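Protein chains: 4
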Amino acid sequence: NSAREISVLLCSFDSPFIREGQFPYLKIQPVQKIIESADLILALGGDGTILRSVQFIGRRQIPIMGVNLGGLGFLAETSPEEVIQHVENFLNGACVVERRSLLQCEVLDSDEKYFAFNDFVVDKAGFSRVIEIVTRVDGKLLNSYIADALIISTPTGSTAYSLSAGGPIVVPETNVFIVNPICPHSLTNRPVVVPDNSTIMLTVYTEFKEIKLFRDGQLMKSFPNGTRFKLSRAPFVVKLVKMQDKSFYETLRSKLHWGEDFRDKKRWSYQNGKNQSE
Amino acid sequence: NSAREISVLLCSFDSPFIREGQFPYLKIQPVQKIIESADLILALGGDGTILRSVQFIGRRQIPIMGVNLGGLGFLAETSPEEVIQHVENFLNGACVVERRSLLQCEVLDSDEKYFAFNDFVVDKAGFSRVIEIVTRVDGKLLNSYIADALIISTPTGSTAYSLSAGGPIVVPETNVFIVNPICPHSLTNRPVVVPDNSTIMLTVYTEFKEIKLFRDGQLMKSFPNGTRFKLSRAPFVVKLVKMQDKSFYETLRSKLHWGEDFRDKKRWSYQNGKNQSE
Amino acid sequence: NSAREISVLLCSFDSPFIREGQFPYLKIQPVQKIIESADLILALGGDGTILRSVQFIGRRQIPIMGVNLGGLGFLAETSPEEVIQHVENFLNGACVVERRSLLQCEVLDSDEKYFAFNDFVVDKAGFSRVIEIVTRVDGKLLNSYIADALIISTPTGSTAYSLSAGGPIVVPETNVFIVNPICPHSLTNRPVVVPDNSTIMLTVYTEFKEIKLFRDGQLMKSFPNGTRFKLSRAPFVVKLVKMQDKSFYETLRSKLHWGEDFRDKKRWSYQNGKNQSE
Amino acid sequence: NSAREISVLLCSFDSPFIREGQFPYLKIQPVQKIIESADLILALGGDGTILRSVQFIGRRQIPIMGVNLGGLGFLAETSPEEVIQHVENFLNGACVVERRSLLQCEVLDSDEKYFAFNDFVVDKAGFSRVIEIVTRVDGKLLNSYIADALIISTPTGSTAYSLSAGGPIVVPETNVFIVNPICPHSLTNRPVVVPDNSTIMLTVYTEFKEIKLFRDGQLMKSFPNGTRFKLSRAPFVVKLVKMQDKSFYETLRSKLHWGEDFRDKKRWSYQNGKNQSE
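Protein chains in written order, with the working numbering: chain Y, 15 to 292; chain V, 15 to 292; chain Z, 15 to 292; chain S, 15 to 292.
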């Protein structure tokens with residue numbers, strides 16, 4: 015295995031610091047060429063880097079290992095110190111490769127198609143009033159949302175924008191999508207969890223000239239009043255290389271500070287036969 | 015079909031109004047005898063009646079048709095006027111029979127086992143301080159909740175108590191459970207949606223002498239400090255007879271008043287080429 | 015009183031239907047002229063009409079009576095049928111005139127000043143990423159919000175946009191403002207209620223070229239990165255003519271459907287000695 | 015000042031460790047005797063200790079300085095290392111004494127009266143079903159809550175139980191109370207902020223034999239179906255000795271971890287001319 019050539023897709027897509035010849039042992043190749051032949055993508059950066067890598071990899075489904083250069087991420091679990099060991103583990107087949115779903119968004123009456131790992135958002139585009147998002151699931155009317163925006167999220171995206179908008183945390187292995195409005199005009203609108211084999215059809219109305227579509231937090235494009243979007247599970251997955259000593263639940267507790275208690279000065283605990291709080 | 019004998023499990027389990035001989039065409043039978051031979055259970059009352067019927071039916075998985083004597087329910091869809099037609103449809107095979115999951119709760123170190131159609135709740139039992147609920151999913155620590163109570167809900171229960179406690183709406187066909195704390199001491203605790211093939215282990219600590227277990231809103235029993243509960247998907251389902259002209263989404267919109275808009279005097283609508291709000 | 019001349023500020027600010035001479039008994043006058051001499055403003059339309067009227071009236075503090083042409087509003091309480099009676103009541107001194115606070119927003123390093131009856135919102139302007147809003151109250155750092163937007167609301171505005179964003183309902187007579195972020199990056203951010211004699215200073219940062227300021231749901235202007243806004247209670251109030259038979263609480267229950275119960279088919283009630291729900 | 019005798023109300027109300035004669039310089043006196051003559055109460059422990067001290071002090075309004083033996087509290091700001099200096103400051107008049115409101119709860123048709131510094135809670139008492147709390151503010155019906163419980167909180171209590179139940183954070187200087195239901199049957203119920211000169215009348219109905227009243231997290235008593243509670247601002251205040259270098263906002267940010275960002279690996283910051291997040 016040590017003789018194996020390892021190609022690295024550089025995470026800093028537009029880095030001015032890495033140039034051909036700078037590092038003799040690094041072969042700089044166009045992204046597309048790397049994608050064609052790679053067995054593993056090391057995404058160096060953080061969760062955002064993985065989101066962008068997914069767009070390059072697409073249907074090729076090359077396993078991605080996220081290396082977090084800043085701190086623990088929901089997706090990027092490997093610290094720089096662990097990289098060599100984790101790549102060894104991967105090459106030795108000692109890693110779990112998790113298959114995560116993506117969302118596909120087709121713009122009806124056009125050839126446009128987008129893929130999201132976290133979420134798609136249709137948004138009122140910075141103008142003053144709300145938009146109306148008529149939402150059908152498998153042909154049945156779910157709701158006609160009057161809101162600032164509507165998020166459609168994968169389980170992976172449940173800890174991203176949807177969480178900011180009051181959505182639930184959804185464990186990656188579940189086969190669902192989340193439909194979650196932002197600032198709806200109805201107080202009874204709540205996040206809705208639907209099966210991921212559903213077809214979600216959105217027809218979006220505005221009194222202004224356009225609405226905006228975001229993919230994984232990036233603005234894709236503006237669309238005219240009445241545009242219809244068809245969302246469904248993508249025909250391919252993202253393969254995430256997971257470390258056996260890291261669980262989703264552990265990352266969750268760590269990132270969301272679940273050990274903290276805003277009311278008591280110390281954590282309550284009856285586990286050890288005594289209350290540690292006083 | 016008209017010659018077929020139809021046994022009815024009376025919904026008002028303790029009704030003083032219905033006695034042997036009162037209605038010549040009604041044969042009064044013990045519930046257990048009905049359960050042994052019935053092909054269809056008509057639950058006359060509302061969602062609560064169905065919850066109680068499920069406890070009687072258990073593993074027999076007899077289809078239930080909910081007849082709502084008060085108004086549309088999430089489970090009881092058939093109005094009294096529609097009963098005859100719907101039973102005809104059922105007998106003719108013109109109904110969809112939906113298979114809904116139940117939760118099973120085993121009390122460790124005991125023989126006790128309970129089944130819930132909506133939810134199980136472990137609760138601080140009306141005393142002043144919180145309880146601690148150490149929660150493991152498939153052997154991994156999800157969180158050690160410091161809260162008033164913890165709800166574990168099926169998708170069916172997502173529109174019941176869990177919704178009051180800020181939980182998401184979960185479409186029945188999804189294969190998930192919801193883990194949702196009430197008044198947690200951590201502001202970052204959010205409802206968590208887990209796969210329904212998970213084993214959820216709760217160890218519950220209190221500084222008082224007991225905690226309480228509720229099933230579908232009914233108090234089951236009090237348990238001592240340190241009791242462990244093992245929750246998983248029950249080995250049988252509830253078969254709900256659904257009408258083809260009623261969808262979950264339609265019931266949702268109707269029950270939650272999703273057509274109402276608290277901000278505008280009329281509903282916005284750009285659908286018809288004009289804004290109806292002014 | 016019947017001989018008194020009544021000038022009406024027409025609510026439809028740009029109505030093509032009302033022209034000089036069309037109604038012989040109507041004198042059409044420029045808005046500014048009406049404002050100078052009016053004793054009462056009848057805002058015909060709804061809550062939105064009152065919001066716009068307030069901008070015209072400003073420091074003159076002329077009492078406003080909202081006539082709701084579409085349905086009950088939070089501000090516009092008088093139905094068309096009641097107008098004559100309510101105006102009579104007003105002229106006879108039989109109405110309560112409620113004094114409601116406004117927010118004043120000064121753009122530092124400029125001459126710009128705006129007034130809001132509901133709220134001011136600083137917003138990320140439809141671009142993809144969040145903005146940072148460093149928020150100081152009376153010189154002390156409240157928080158450095160990383161969010162899509164920040165709402166600063168009067169009690170009057172608590173039932174408008176802030177409510178959509180999860181804010182509390184604040185009774186008009188309270189002397190407070192609400193600081194409420196939209197989709198914050200921190201799960202522990204909650205709406206904050208501050209005294210209305212506070213000075214709230216916002217410094218807004220973006221990685222894009224601009225942020226947007228909204229006043230009562232209307233886009234005011236775009237501002238560059240680093241713009242500072244100083245918000246405080248306006249030196250004048252809005253005088254709302256209130257009917258004695260209408261209370262804020264009644265409007266609240268009516269508009270928010272507080273009589274409805276999503277869980278039971280009927281309302282529970284033990285008040286009359288029996289439970290009406292079954 | 016150094017010759018002044020300082021009496022200390024011991025925070026550990028039932029401590030077995032401190033006995034007469036144990037410390038020669040400590041005079042052990044009955045609480046009531048201390049209360050009669052003290053100029054300053056040092057509450058050694060945490061926020062809970064202050065809550066209990068307030069019950070002893072009552073109308074005497076003796077200033078309280080909270081010494082936090084476990085970590086920063088919302089009320090107990092002084093660390094053990096700072097005590098001597100802070101007491102010196104107090105004796106020299108170099109401290110701010112903040113006047114905080116209390117809630118008074120009268121049980122109608124009885125002589126019972128209670129005072130709360132954080133909150134009163136009427137609760138369903140651990141039984142299975144909800145209670146109905148008919149809530150009138152100044153004689154006007156606010157709502158008839160169908161819920162597990164209803165919290166009435168002071169601004170001081172806004173960072174305690176009410177926050178767990180989704181309530182807003184209310185700055186202490188505001189003159190308001192918070193009315194906040196737990197798990198209401200209506201999805202449109204939101205926390206309501208009312209002026210603190212309001213009289214809040216609760217009539218509480220249950221189908222079981224009793225409801226429970228909690229004060230500052232402590233169970234007071236059970237009451238029968240139909241009990242009426244009259245809540246209003248107490249005729250005296252709590253005087254909290256505040257340090258000039260500690261602000262409510264700073265404590266808030268520290269206790270609620272407002273510097274943390276669950277989405278990005280580092281905090282965004284455009285303040286220093288660059289984005290620190292990548």
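No wet-lab data here; the hints were simulated from the structure.
Bear in mind the structure is a predicted one, so any value in this text is a computation, not a measurement.
Check each hint, because a few of them may be wrong.
The list cannot tell twin chains apart, which means a pair is met if one copy fits it or any two copies do.
In silico DSBU-like cross-links for lysine-lysine, where the CA-CA straight-line distance does not exceed 35 Å [stated by the list, open to error]:
{"#": "1", "residue 1": "Lys223", "residue 2": "Lys235"}
{"#": "2", "residue 1": "Lys47", "residue 2": "Lys127"}
{"#": "3", "residue 1": "Lys154", "residue 2": "Lys47"}
Verification of the hints:
no.	hint	verdict
1	Lys223 with Lys235	both (13 Å within a copy, 18 Å between copies)
2	Lys47 with Lys127	within (23 Å within a copy, 56 Å between copies)
3	Lys154 with Lys47	neither (44 Å within a copy, 40 Å between copies)
In this structure, only the earlier hint numbered 3 is contradicted, and the remaining ones agree with it.
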